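Note that the protein sequences, when read in sequence, are chains F and L. Numbering-wise (this note's numbering), the first sequence opens with residue 1 and increments by one. Numbering-wise (this note's numbering), the second sequence opens with residue 1 and increments by one.
Any given hint could be a false lead.
Among chain F residues calculated to face chain L with C-beta under 10 angstroms, some are [claimed, not checked]: (1) I2; (2) V10; (3) I13; (4) F15; (5) G18; (6) V22; (7) I31; (8) E36; (9) L44; (10) T67; (11) A69; (12) A71; (13) R85; (14) N96.
Here are a few chain L residues that sit away from chain F, every Cβ distance over 12 angstroms (derived from the structure) [claimed, not checked]: (15) R104; (16) A163; (17) N202; (18) V457.
These are computed hints drawn from the structure, not numbers from a lab. As the structure is a computational prediction, the values presented were derived from the model and not from experiment. All C-beta atoms in this analysis are idealised placements derived from N, C-alpha and C, irrespective of residue type, glycine included.
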Amino acid sequence: MISVYHYMTVAAILFTIGTYGVLTRRNAIVIFMSIELMLNSVNLTFIAMSRHLNNMDGQIFVFFVMTVAAAEAAVGLGLMIAFYRNRESIDVEDINLLKW
Amino acid sequence: MENLVQIALENVNMWAIMPSIILVCFGMGLLLINAFLPRGATRPAMWISLIGLAATAFAVFSAWGNPQYGFSDAVALDNFATFFNVTFLIAAAMTILMSDDYLRREGYPIGEYYPLILFTTAGAMWMASGTDMMTIFLGLEVMSICLYVLAGFFRGQVRSNEAGLKYFLLGAFSTGFLLYGMALIYGVTGSTRLSEIGVYLNAHSSLLNNPMTLAGIMLLSIGFLFKIGAAPFHMWTPDVYEGAPTPITAFMSAGPKAAAFAAFLRIMEYCFFSLKPEWTAVLWGLAVLTMVIGNVIAISQTNIKRMLAYSSIAHAGYALVGMVAANEIGYSGVLFYMLAYTFMNIGAFAILVLAGKKGEDNLTLEGFAGFGYKRPLLGVAFTICLFSLMGIPPTAGFAGKFYIFAGAVKAGYIWLAIIGVLNSAVSLYYYLRIMVYMYFRDGEEDYAWMKVSASVVVSIVVALIGIFYLGIVPGAVMDMARLAIF
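Could you put together the complete structure from these sequences and hints?
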C-alpha cells in the first residue's frame with residue numbers, strides 16, 4: 001500500500017535533486033530545469049497532502065504554481081536569449097562581469 | 001465537492017483588490033496604447049502611468065480606516081496593507097519620474113517599461129494585502145517576474161543582461177524554497193489561510209516541535225529573507241543592483257523590498273505567533289549579520305551604486321531589528337522605516353541618474369570629485385539624502401532608526417540596539433567619503449553637459465519633502481503606522 005509518506009519522500013528526494021542540480025550545474029538552462037524540478041516536487045507535496053487531508057486548497061495552489069512556472073519560463077528563456085546574443089554562451093561561469 | 005460549493009458562495013468583494021485592479025487596468029491599457037504610439041515616444045506613457053498611480057492612490061486612501069476583506073478572507077485591504085500601498089505608490093511614482101530622460105539617454109525609449117512598473121506595484125500590493133499563502137505567492141511572483149524583465153531591460157548591454165539573468169536564476173531558486181515551505185505548512189495544518197494556520201498551530205502545541213512544521217517555517221523564511229536581501233541570502237543584491245538600470249535599482253531597493261517585509265511580517269505574526277520566542281531569536285542573529293555585512297563590505301566599495309546596494313543590505317538589517325523587537329513600536333517602526341527609506345534612497349539614486357552620461361553611468365567616487373561646487377543645488381540634495389541614510393537628525397532616517405531601536409530596547413534587546421547604533425556609526429564612514437569627494441576634491445569634470453529635466457527635479461523635491469517631513473514631524477506618520485499594525 002502506497003501511503004502519503006511515500007509521496008512525501010519522493011517529493012523530498014526530487015527537491016533535493018533539484019537543489020543539487022542548481023548548485024552544481026554550469027549551464028543556465030539546466031539550472032532552470034533543476035528549478036522546475038523543485039517546483040514539481042512542491043506540486044507533488046501539495047497534491048499528496050491535499051488528497052491525504054481531503055481538502056481542495058492544495059490542488060488549487062498547484063494550478064497557480066504551474067501557471068506561474070510557465071510565465072517564469074517565458075521570461076527566463078527570454079533573458080537567456082538576450083544574454084546569449086551578447087556573450088555567445090549561457091554558461092554561468094560567463095556571468096562574471098559583476099562581482100566584488 | 002462540498003468545499004467547492006462553499007468557495008463559490010463566499011463573499012468576493014472587489015473593493016478589497018480595487019487598487020491593484022486599477023493599476024493592472026492602466027498597465028494593460030498602456031500596453032495597448034504603446035502599440036499605436038510612434039517608436040521612441042515614451043512621454044505619453046509616462047503621463048498615463050502617473051495618472052494610473054494617482055487614480056490608485058484614491059482607491060488606496062479610501063481604504064484607510066475602512067478595511068475591506070474579500071475572496072473568502074484571502075485578501076485583506078486593512079490599514080497595514082494601505083500603509084504599505086502608499087509606500088509602493090510613492091516608490092513607483094518617483095521611479096517613473098526619473099526614468100523618462102534616462103531611458104532616452106541610454107537609447108532604450110521603450111514604452112513597455114512603464115506598464116512593467118505598474119504590474120510590479122500591483123504585485124507588491126497583493127503581497128501586502130494577502131492573508132492567504134496563495135495570494136502572497138501570486139503577488140510575489142507577479143512582482144518578481146516583472147522585476148526580472150526590468151533588471152534586464154537594456155537588452156543590448158551585457159551588464160543589464162547579467163543582472164536580469166542572475167536575478168532570475170536566484171529568484172526562481174528562492175521561490176522553490178518558499179513554495180516548499182508553504183507546501184509543508186499546508187501539509188501540517190491543512191489550510192492556506194494565514195489566520196487558520198495560526199489558530200491551528202496554537203491549538204495543537206505538539207505540532208510546534210514537529211520537524212515538518214519547523215522545516216516549513218525555515219524554508220518559508222529563506223524565501224522571504226532572500227527577497228529582503230538579508231544575510232546570508234544577500235549575495236545577489238550587489239550584482240543585480242549594480243547591473244540593473246539605475247531607476248530600477250532605486251525602485252527594487254524600496255518598493256519590492258517593502259513588499260517582502262510586509263508579507264514576511266504578516267506571515268510571521270498571523271501564522272507563527274505561537275513560536276515567537278524561537279523565530280525572534282533566529283532573526284536576532286540574522287539582523288546582526290545583515291547589518292554588519294552590509295556596512296563593512298560597503299566601506300571597501302568605490303562604485304557608488306554598488307556601495308548603495310550594500311547599504312541597502314544594511315538598511316534591511318535595521319528593519320529586521322524592528323521585527324525582532326516584535327512589539328508595537330518595533331513593528332510600526334518597520335513600516336515607518338520602509339517609507340522613510342523609500343524617500344531617501346530613491347532621492348539619492350535620482351542624483352546618480354542625473355550624473356551619468358550615455359552608456360557610462362558615472363558612478364565612481366572619483367567621478368563625483370568637485371560635484372558639490374559645480375552643481376551646488378544637486379550637491380546639497382545628495383548630501384541631505386546621504387545624511388538621512390546615515391540617520392542624522394532632523395531627517396527621516398534618524399526618526400526611523402530611533403523608533404526601531406527604541407522598540408528593540410523596550411523589548412529588552414539592549415545589545416541589539418547597541419550593535420545597530422554602532423553599525424550606523426560605521427556607515428558614517430562610507431557615506432561621508434562620498435561627501436569628501438564631492439566637496440573637498442577637485443575633479444576635471446565641469447558637469448556642464450548634465451541635462452537636468454523637470455521630472456527628475458520633481459522626484460528629488462518629493463524625496464526632500466518626505467525626508468524633512470518624516471524627520472521633523474514624525475509623530476503624524478508614526479501614529480498612522482501604529483494604527484496600521486495588527
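Status of each hint after checking the structure:
{"no.": "1", "hint": "I2", "result": "17 angstroms, violated"}
{"no.": "2", "hint": "V10", "result": "13 angstroms, violated"}
{"no.": "3", "hint": "I13", "result": "13 angstroms, violated"}
{"no.": "4", "hint": "F15", "result": "6 angstroms, holds"}
{"no.": "5", "hint": "G18", "result": "7 angstroms, holds"}
{"no.": "6", "hint": "V22", "result": "5 angstroms, holds"}
{"no.": "7", "hint": "I31", "result": "6 angstroms, holds"}
{"no.": "8", "hint": "E36", "result": "9 angstroms, holds"}
{"no.": "9", "hint": "L44", "result": "9 angstroms, holds"}
{"no.": "10", "hint": "T67", "result": "9 angstroms, holds"}
{"no.": "11", "hint": "A69", "result": "9 angstroms, holds"}
{"no.": "12", "hint": "A71", "result": "6 angstroms, holds"}
{"no.": "13", "hint": "R85", "result": "8 angstroms, holds"}
{"no.": "14", "hint": "N96", "result": "8 angstroms, holds"}
{"no.": "15", "hint": "R104", "result": "21 angstroms, holds"}
{"no.": "16", "hint": "A163", "result": "7 angstroms, violated"}
{"no.": "17", "hint": "N202", "result": "19 angstroms, holds"}
{"no.": "18", "hint": "V457", "result": "30 angstroms, holds"}
The structure is inconsistent with the numbered hints 1, 2, 3 and 16, although it conforms to all the rest.
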